[in-house]
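Novice: All chains should be modelled from the sequences, with the hints used to inform the complete structure.
The sequence shown begins at 1 in my numbering and counts up one residue at a time.
These are computed hints drawn from the structure, not numbers from a lab.
Treat each hint with caution, since some may be false.
[As the list claims (entries may be wrong)] Derived DEER-like restraints, expressed as beta-carbon distance ranges:
id	residue 1	residue 2	range
1	GLY32	GLU112	25 to 35 Å
2	PHE33	LYS180	34 to 44 Å
3	GLY32	GLN122	51 to 61 Å
4	ASP101	ALA188	16 to 26 Å
5	GLY193	ALA50	16 to 26 Å
6	GLN122	ASN153	47 to 57 Å
7	SER36	SER190	13 to 23 Å
8	ARG97	ALA188	23 to 33 Å
9	TYR51	LYS174	42 to 52 Å
10	SER132	ASP189	40 to 50 Å
[Claimed, not checked] With a straight-line Cα cutoff of 25 Å, these simulated DMTMM-like cross-link-like pairs (lysine to aspartate or glutamate) come out:
id	residue 1	residue 2
11	LYS180	ASP131
12	LYS55	ASP68
13	LYS104	ASP120
14	LYS113	ASP131
15	LYS184	GLU170
Where a beta carbon is used, it is the ideal one built from N, C-alpha and C, also for glycine.
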Amino acid sequence: MSKEKKKEWTGFQIKFIMLCMMLLLLAAGILGFHISNTLHEKKQPEITTAYISGKIDNISELTTTQLDYNGLIVLTDGDIPFLTQKGFSMRYTATIRAGIDISKMKIHITEEKVTVSIPDAQIQSVNVNSDSVVFYDEKHALFNWTDKEDIVNALSLAKEDATNGIDADELTQKAKEQTKTILKSILADSIGGRELVLK
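Specialist: In structure tokens:
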């Protein structure tokens, strides 16, 4: 009879120990889940203006739109034919770059959205490739500018011609649209589920 009591007690002990182990495993699982969530939340960076600015600081080169422009200038200069007249036709290639000044972007963050105000794009540079300059129909005179001065003046004319010859509005609009596309791809996963507004 005492042996039967011992068996019942052992069975009860086993069930009790199993129940305790299950409760411990359940508690450990809940605790582990809570700790994991806490650590994950700590790893998420705080979404601040400085954080967003840091993400976009290095994209200025990417927000630039470039256009290669081929131009032709026909020029006559000088009052007295054969003595001071200098004329030529000049063909050239210029590279025109339009872009955004990243430092002028404004960032506003709320719980629901991140708003980035993008400044208008500007023509940043017009560079005439001096190796691309070809002169045609040159007219030589007895009294002319020096060759060096001629080249400087020709490049200056080419730069002015290229600046006036392009559709600056279209080029700057392309630069702004390109900036928006790049910002969307850079910031989409970095704003903590907020809506991204670019204007």
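Novice: Each hint should be assessed against the structure and marked as holding or not.
Specialist: Verification of the supplied hints:
1. Checked against the hint of 25 to 35 Å, the pair GLY32 and GLU112 passes, with Cβ atoms roughly 32 Å apart.
2. One distance hint, 34 to 44 Å for the beta-carbon pair PHE33 and LYS180, holds here, with the actual separation near 40 Å.
3. Between GLY32 and GLN122 the CB atoms are about 55 Å apart, so this pair conforms to the stated range of 51 to 61 Å.
4. Taking the beta carbon of each, ASP101 and ALA188 are about 23 Å apart, inside 16 to 26 Å as hinted.
5. A beta carbon spacing of about 19 Å between GLY193 and ALA50 agrees with the range 16 to 26 Å that was offered as a hint.
6. In this structure the supplied range 47 to 57 Å is violated for GLN122 paired with ASN153, their Cβ-Cβ distance being about 26 Å.
7. In this structure, SER36 and SER190 meet the distance hint of 13 to 23 Å, their C-beta atoms being roughly 22 Å apart.
8. Against the hinted window of 23 to 33 Å, the Cβ-Cβ separation of ARG97 and ALA188 comes to about 27 Å, which satisfies the hint.
9. Distance hint check: the CB atoms of TYR51 and LYS174 are about 29 Å apart, inconsistent with the given range 42 to 52 Å.
10. The supplied range of 40 to 50 Å is met by SER132 and ASP189, whose beta-carbon atoms lie about 43 Å from each other.
11. Restraint check: the Cα-Cα separation between LYS180 and ASP131 comes to about 35 Å, which exceeds 25 Å; the hinted pair is violated.
12. Among the hinted pairs, LYS55 with ASP68 is inconsistent with the structure: their alpha-carbon atoms are about 30 Å apart, more than 25 Å.
13. With a C-alpha separation of about 10 Å, the suggested pair LYS104 and ASP120 falls inside the 25 Å cut-off, and the hint holds.
14. For the suggested pair LYS113 and ASP131, the alpha carbons sit about 50 Å apart, so the restraint of at most 25 Å is broken.
15. A C-alpha spacing of about 21 Å is found between LYS184 and GLU170, which places the hinted pair at or below 25 Å, so the restraint holds.
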